[in-house]
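Enquirer: With the hints as constraints, model all of the structure from the sequences given.
Protein sequence lines, in the order shown, are assigned to chains A and B. Numbering follows my numbering, with no gaps: position 29 of the first sequence is 29. Numbering follows my numbering, with no gaps: position 31 of the second sequence is 31.
You may find that some hints are simply not true.
In silico DSBU-like pairs for lysine-lysine, Cα to Cα no more than 35 Å straight-line [unchecked claim]: (1) Lys28/A - Lys331/B; (2) Lys31/A - Lys215/B; (3) Lys5/A - Lys301/B; (4) Lys5/A - Lys28/A; (5) Lys5/A - Lys331/B; (6) Lys120/B - Lys134/B; (7) Lys5/A - Lys326/B; (8) Lys326/B - Lys28/A.
Restraint-style ranges between C-beta atoms, simulated for each label pair [what the hints assert, rightly or not]: (9) Pro44/B - Lys28/A: 42 to 52 Å; (10) Gly311/B - Pro9/A: 18 to 28 Å; (11) Lys120/B - Gly23/A: 44 to 54 Å; (12) Gln246/B - Ala10/A: 37 to 47 Å; (13) Ala128/B - Lys28/A: 42 to 52 Å; (14) Thr30/A - Thr196/B: 46 to 56 Å; (15) Gly23/A - Pro281/B: 20 to 30 Å; (16) Glu62/B - Gln17/A: 49 to 59 Å; (17) Ser293/B - Pro9/A: 19 to 29 Å; (18) Lys28/A - Val330/B: 26 to 36 Å; (19) Gly23/A - Arg52/B: 33 to 43 Å; (20) Asp183/B - Gln17/A: 52 to 62 Å; (21) Gly195/B - Gly23/A: 32 to 42 Å; (22) Gly23/A - Ala276/B: 15 to 25 Å.
Don't read these hints as lab results, they were simulated from the structure. Predicted model, so just to flag it, every value in this text is computed and none were measured. Glycine included, C-beta positions come from ideal geometry on N, C-alpha and C.
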Amino acid sequence: MAQTKDIPPANLPDQVQAAVALGATSIKCTKQADGNWTLETN
Amino acid sequence: MNRFVSILTLLCPVLGLWGCVAGYNSTLFYTQSNIGLDAETKPPTAEISISRREGVLAPGFEGGETPPVVAGFHAEPSAFSRFFFGVQSTFAGGDAAYAMVQSPGIIGREGASDLCLSTKPIEPWWSAAAIPEKGHVVPFAFGTDSVFGLKVAWTGTAGPFPDSLRLGFNRKELAWAPVFGTDTPTDGASCTIPGTNEHGYVVSMPSFIATLNAKGQAGQSPTAGGDSNNQNSQSSFTGVNVDWVQYFATGTVATALANNNDIRSVLLAQAFPAAAGTYDPTAECVRAWVVSSPDHATALKQWWASQQLPGIPYQIFDSQHSTERKAFIVKENISGCN
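Expert: Written as structure tokens, this is what we have:
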């Protein structure tokens with residue numbers, strides 16, 4: 001399990017795409033208070 | 001704690017009469033958690049702390065096998081200052097315990113926690129302690145007690161003073177689960193003695209689970225307003241928001257509940273916290289290269305494994321893994337990513 005913080009909204013789709021390409025079995029995106037995103041992947 | 005001991009004292013002879021002897025043919029599993037103030041007069045104790053007690057008395061079989069149980073407790077780092085906010089607790093046994101510790105997406109099936117022994121355990125001298133088999137009915141006790149906030153109890157024996165006072169978060173979990181045995185499992189359990197075609201002796205315990213996930217925050221405290229000069233001049237308190245989720249289940253429902261990723265994540269987040277990283281914009285070049293071809297993604301996964309790096313390959317895009325990323329760029333000779 002890995003967690004990446006402070007992902008700008010514009011870059012979130014690319015990060016999800018990369019996680020899928022690397023075989024992530026689950027992805028969880030959480031919006032931070034500052035508008036950026038945190039992505040958790042397994 | 002006083003009442004906890006009282007419950008045990010009450011349960012012991014009752015269950016003992018039914019033939020439940022913890023450590024032989026049943027498993028006694030308990031936890032007690034306290035955050036804040038816990039004061040009692042019998043015995044006179046007072047705790048202002050974060051305390052946690054855990055215990056299990058279970059039969060141990062050949063090869064060190066024992067019916068599985070699991071418990072987890074997590075308090076937010078500043079839980080004491082905020083008293084009862086941010087507390088997570090899990091308590092499970094049998095198939096539910098097995099399912100709880102599986103990775104997300106992996107199903108813990110019914111019977112997964114069954115123990116396969118090469119022979120039936122020798123009966124103890126006290127026949128009441130023998131493992132019940134087909135046809136027997138044995139009581140199964142399971143309960144939790146949660147206090148959130150202030151609880152004051154009087155029995156009158158201490159005059160005008162209360163017998164117990166609890167402020168904050170207090171939770172007790174107790175299970176006294178019978179252990180069953182059979183040499184002819186009917187639920188499709190596979191138990192064959194290695195090297196032979198003979199069936200072994202299957203020992204199982206009921207599935208049970210209790211979880212609690214409490215999160216709280218002090219609303220918008222305090223919210224500042226502004227006057228005509230745009231200077232903060234007033235404030236308002238919008239209260240306390242509490243998100244309290246509690247589950248309690250036994251049998252197949254408990255196992256199914258433990259297979260739910262949201263339920264399971266309560267424990268896994270405590271036991272295996274996610275490796276935290278920070279987004280690094282300079283990694284975009286490598287990310288674009290990886291997603292441009294399945295072969296590139298495979299190359300990264302293989303390289304990550306060959307370097308015996310902890311975590312998962314995705315972490316190479318984090319700012320904390322810039323060194324590994326540079327090494328990968330050199331290895332793959334990725335143009336334009338320096």
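Enquirer: Compare the structure with each hint and give your call.
Expert: We went through each hint and held it up to the structure:
Restraint check for Lys28/A and Lys331/B: satisfied, since their Cα atoms lie roughly 31 Å apart, inside the 35 Å limit. At roughly 17 Å between alpha-carbon atoms, Lys31/A and Lys215/B fall within 35 Å of each other, so this suggested pair holds. Between the alpha carbons of Lys5/A and Lys301/B the distance comes to roughly 22 Å, so the proposed pair stays at or under 35 Å and holds. The hinted pair formed by Lys5/A and Lys28/A meets the criterion: a straight-line CA distance of about 12 Å does not exceed 35 Å.
For a cut-off of 35 Å, the pair hint linking Lys5/A to Lys331/B stands: about 27 Å separates their Cα positions. Pair hint Lys120/B plus Lys134/B holds up; C-alpha atoms about 14 Å apart against a cutoff of 35 Å. A hinted pair counts as satisfied when its Cα atoms are at most 35 Å apart, and Lys5/A with Lys326/B qualifies at roughly 21 Å. As the CA atoms of Lys326/B and Lys28/A are separated by approximately 27 Å, the hinted pair is consistent with the 35 Å bound.
Against the hinted window of 42 to 52 Å, the Cβ-Cβ separation of Pro44/B and Lys28/A comes to about 48 Å, which satisfies the hint. Remark: the range hint 18 to 28 Å for Gly311/B to Pro9/A is upheld by a beta-carbon distance near 25 Å. Between Lys120/B and Gly23/A the C-beta distance comes to about 45 Å, which sits within the given range of 44 to 54 Å. A hinted range of 37 to 47 Å for the beta carbons of Gln246/B and Ala10/A is consistent with their spacing of about 39 Å.
For Ala128/B and Lys28/A, the hinted distance range of 42 to 52 Å is satisfied, since their beta carbons lie about 50 Å from each other. As the Cβ distance of Thr30/A to Thr196/B is approximately 53 Å, the hint placing it in 46 to 56 Å holds. Look at Gly23/A against Pro281/B: about 24 Å separates their beta carbons, and that is inside 20 to 30 Å. Distance hint check: the CB atoms of Glu62/B and Gln17/A are about 51 Å apart, consistent with the given range 49 to 59 Å.
At about 26 Å, the CB distance of Ser293/B to Pro9/A agrees with the hint of 19 to 29 Å. Checking the proposed 26 to 36 Å range against Lys28/A and Val330/B shows it holds: the Cβ atoms sit about 33 Å from each other. Taken as a hint, the range 33 to 43 Å holds for the pair Gly23/A and Arg52/B, whose Cβ atoms sit roughly 37 Å apart. For Asp183/B paired with Gln17/A, a C-beta distance near 54 Å keeps the hint of 52 to 62 Å intact.
Taking 32 to 42 Å as the suggested C-beta distance range, the pair Gly195/B and Gly23/A conforms, at roughly 38 Å. Gly23/A and Ala276/B have their C-beta atoms about 20 Å apart, which keeps the hinted 15 to 25 Å range intact.
The structure shown violates none of the earlier numbered hints.
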